[in-house]
Amino acid sequence: MGWVSTHAHFLGNSGLLSSNDCASNLNLKTLLPPRLRSSRVRSGEARKVVAFHGLRRPPYKLDALEPYMSQKMVEMHWGEYQRAYVEGLNKQLEKNNILYGCTMDELVTVTYNNGNPLPEFNNAAQVWNHDFFWESMQPGGGDIPKQGLLQQIEKDFGSFLDFREQFIEAALSLFGSGWVWLVLKRQKKKLEVVKTSNAITPLVWDDIPILALDVWEHAYYPDYKNDRSSYVNAFLDHLVSWNVATGRMIRAEAFVNLGEPTIPVA
Amino acid sequence: MALRTVFSRRTLASLRSGLSSSVTPTGTRSLVTFSLPDLPYDYGALEPAISGEIMQLHHQKHHQTYVTNYNKALEQLEEASNKGDAPAVVKLQSAIKFNGGGHINHSIFWQNLAPVHEGGGEPPKGSLGWAIDEHFGSLEALVSKMNAEGAALQGSGWVWLGLDKELKKLVVDTTPNQDPLVTKGPLIPLIGIDVWEHAYYLQYKNVRPDYLKNIWKVISWKNASKNL
Chain A
1 MGWVSTHAHF LGNSGLLSSN DCASNLNLKT LLPPRLRSSR VRSGEARKVV AFHGLRRPPY
61 KLDALEPYMS QKMVEMHWGE YQRAYVEGLN KQLEKNNILY GCTMDELVTV TYNNGNPLPE
121 FNNAAQVWNH DFFWESMQPG GGDIPKQGLL QQIEKDFGSF LDFREQFIEA ALSLFGSGWV
181 WLVLKRQKKK LEVVKTSNAI TPLVWDDIPI LALDVWEHAY YPDYKNDRSS YVNAFLDHLV
241 SWNVATGRMI RAEAFVNLGE PTIPVA
Chain B
1 MALRTVFSRR TLASLRSGLS SSVTPTGTRS LVTFSLPDLP YDYGALEPAI SGEIMQLHHQ
61 KHHQTYVTNY NKALEQLEEA SNKGDAPAVV KLQSAIKFNG GGHINHSIFW QNLAPVHEGG
121 GEPPKGSLGW AIDEHFGSLE ALVSKMNAEG AALQGSGWVW LGLDKELKKL VVDTTPNQDP
181 LVTKGPLIPL IGIDVWEHAY YLQYKNVRPD YLKNIWKVIS WKNASKNL
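Just so you know, the protein sequences line up as chains A and B, in that order.
Heads up, the first sequence is in full-length UniProt numbering, so the first residue is 1 and it goes up one at a time.
Heads up, the second sequence is in full-length UniProt numbering, so the first residue is 1 and it goes up one at a time.
Just so you know, the hints here were simulated from the structure itself, not pulled from any lab data.
Note that the structure is a prediction, hence the values are computed from the model and not measured.
Zero decoy hints are in this set.
Here are a few chain B residues that face chain A, going by a calculated C-beta distance under 8 Å:
hint : residue
1    : 61
2    : 98
3    : 155
4    : 156
5    : 176
6    : 177
7    : 198
8    : 201
9    : 202
10   : 205
11   : 206
Here are the simulated DSS-like pairs of lysine-lysine, each with C-alpha atoms no more than 27 Å apart in a straight line:
hint : chain 1 : residue 1 : chain 2 : residue 2
12   : A       : 195       : B       : 91
13   : B       : 61        : A       : 72
14   : A       : 91        : B       : 145
15   : B       : 213       : A       : 225
16   : B       : 97        : A       : 195
17   : A       : 61        : B       : 205
18   : A       : 91        : B       : 205
19   : B       : 165       : B       : 125
Ideal placement from N, C-alpha and C gives every residue a C-beta, glycine not left out.
Turn these sequences into a full structure, and let the hints guide you.
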């Protein structure tokens, strides 16, 4: 049966499928060939762990974010912390045929269950969030966005510096564990800075995340101890990938109409 | 301009005994502010259960930040309420709950830990011991329950052994972020364990269950009995 690699945030399809498509077919058991259906547990045989989702590698070497994120901290964060979420999720999915076949995006929205999260939500959302986070950074990141994305930020925040201030303020005023996002709000048709607690992601409100920053303590403690402020500044100055953000924005514009086209006056 | 007198609140007892604010001749109340309580032991005294590095950062940075921000929020609250600025008063509530709660919880935490040579880890005796056996079956059962709830807590928070004043029974409960136990009902905190990542990450990495298993070696049941 192998594993189903279903991450595709960058070129993903979260706008196309309704969130219940993967979980709506309750007769999944009949779709599996009979051999596979009964093969998982036979008496006396050791259980095999079937991995439904994998630990996706960041798009750079683990030491590439030095000195702003040490290799040791990235190894701990990705290799141990995120891996635990992936393994936890796979263990839960083993017992749950209904969620088999869901993409990560679908898993997150389905298990969120409109605000009454199922036990799988925490693991699924944290796997999704962390994949998104690693991809939101690059070695030699920072600087400012260009052209279209910069224009949209200036339109929605006033100026890039205003956006930066808001982002930092959100990160520092978030109590406890959570994430800070640059998100495109579908209904309002504008970019906003949003902070969420624990594992919550703007996906559950059907908004389109553009960037994410992990402000759980494990994300910065080994390198920065309790100095969250230096960590956030290092992220914005040296790590954030505006290239990736631009790509996500371009894709988002296929789903959200951001404004009136300028029609030349005759 | 309100006069400010600074009282040092060093012990839990005085925290609970209520605060008096003096009245100045002009009739304005002076604001009571808080300060970081000293630890009743050295930073390294709880090793190897909790490393000295963690204790120092936890006390000098985290707890100090809560105290500082709590005082700031209280000042702002006084200003806002003197001006009759209701929206500002309400807006400050979350900062007060978070930072005040952080100060309360950590003050309790330092008191309910003790080095091994001062009784840390010694099982409870007397009425607390009997109460634990009655409500949970055994000390081991209580410890397993608290460890399970502490490990299952998503994000940041605390796991508590509390005494329900009304129902007169012991309860195990958790609170998110820095919410103090009193937000969960008429509960007196007897033992509180910090499961925020800053409490264990440098030593135990992401293995919170190991931290929970080991911290019992330095929990002061003597202190818990005092609050019973």
